[in-house]
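Residue numbers 867 to 1121, in this note's numbering, belong to the letters of the sequence shown in order.
By construction, these hints were calculated from the structure, which means they are not laboratory data.
Computed Cβ-Cβ distance ranges for the label pairs, DEER-style:
#, residue 1, residue 2, range
1, Ala1030, Val937, 15 to 25 Å
2, Gly944, Gly1041, 14 to 24 Å
3, Lys1024, Phe1059, 35 to 45 Å
4, Asp930, Ala967, 36 to 46 Å
5, Gly1062, Gln989, 35 to 45 Å
6, Val1014, Asp930, 35 to 45 Å
7, Thr1051, Thr1086, 46 to 56 Å
8, Gly1062, Asp930, 55 to 65 Å
9, Pro1040, Tyr958, 42 to 52 Å
10, Asp1083, Gly944, 22 to 32 Å
11, Asp1083, Ala936, 14 to 24 Å
12, Asp1083, Ala967, 40 to 50 Å
13, Thr1043, Trp963, 28 to 38 Å
Calculated cross-link-like contacts (lysine to aspartate or glutamate; reagent style EDC-like; alpha-carbon spacing at most 20 Å):
#, residue 1, residue 2
14, Lys1097, Asp1075
15, Lys1024, Asp925
16, Lys991, Asp979
17, Lys1097, Asp930
18, Lys1024, Glu1073
19, Lys1097, Glu1073
20, Lys1097, Asp925
21, Lys1066, Asp1053
22, Lys1024, Asp975
23, Lys1097, Asp979
24, Lys991, Asp1075
25, Lys1097, Asp975
26, Lys1024, Asp1075
27, Lys1024, Asp979
28, Lys1024, Asp1083
29, Lys991, Asp925
30, Lys991, Glu1073
31, Lys991, Asp975
32, Lys1024, Asp993
33, Lys1097, Asp993
In this text, a Cβ means the ideal position worked out from N, Cα and C, and glycines have one as well.
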Amino acid sequence: MKKVLLALTALAAFTGSASAADLAARPYTKAPAAPIAYAPSWTGCYLGAGGGGAMTNNDNNLTDPLTGLAVTGNVTNGARGWFGTVQGGCDYQFNNWVVGAFADYDFMDVHGDVSLFPGTSGQQKQDWQWSVGGRVGYLILPQLLTYVSGGFTQGHWKSTTLNAFGIGPVLTSPGFTRNGWFIGTGDEYALSFLPGLFWKTEYRYSEFDRASVGINDFATGLPFGVNSTQKLREHSVRSELVYRFNWGGPVVAKY
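All chains, full assembly: derive it from the sequences and hints.
As structure tokens, then:
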């Protein structure tokens, strides 16, 4: 009996060892690396085109051309319209911040009724404006930039014909160009369906230097004896498609 038990014990031990030897060793598998989020670099230059709408207020009064003293009270007139724009610029990204410089030109049709002399009315029209400035932005998301902008601007207003009490033209006011400044805020978003294509929307407030514009007799072209002093302020909203030519490769996004 003892011999039988010893034989069974030996057989069990031999079988267990053989089974353990038959099992393959578990292969060592390196844990996968954590994914790193990449975003396209905002460093580079770009071109853009689009359009928008503008609203202008004109605070004006008549002044004596010799003394510059006001001879009438202030009158505020408004103008509304649209514009097309083209733009170019360059940006530089460091971490989540983007700084850049740009220039744009607006083709405008912003017009409205104006009364530069008591009892008269006419249409005043702004036909172009250009701006140059800079912006500072922060990347909320790798593909979304919010920014503030500011700089120098210059606008042109065409000559205005003034009608008296609706009976016909009696006075004219020549066109003029005025310098000014602007501030703005906006956002720019990278569109996923075409690499390098971005959509930008911006609000701007522009204010121009006061203009002293002569008023002339329509028939003779001679000075009428008073000037019109005008102060123009403008609100605009613009939306553009931008194509960006990146200088660098992808950068690690830290959000």
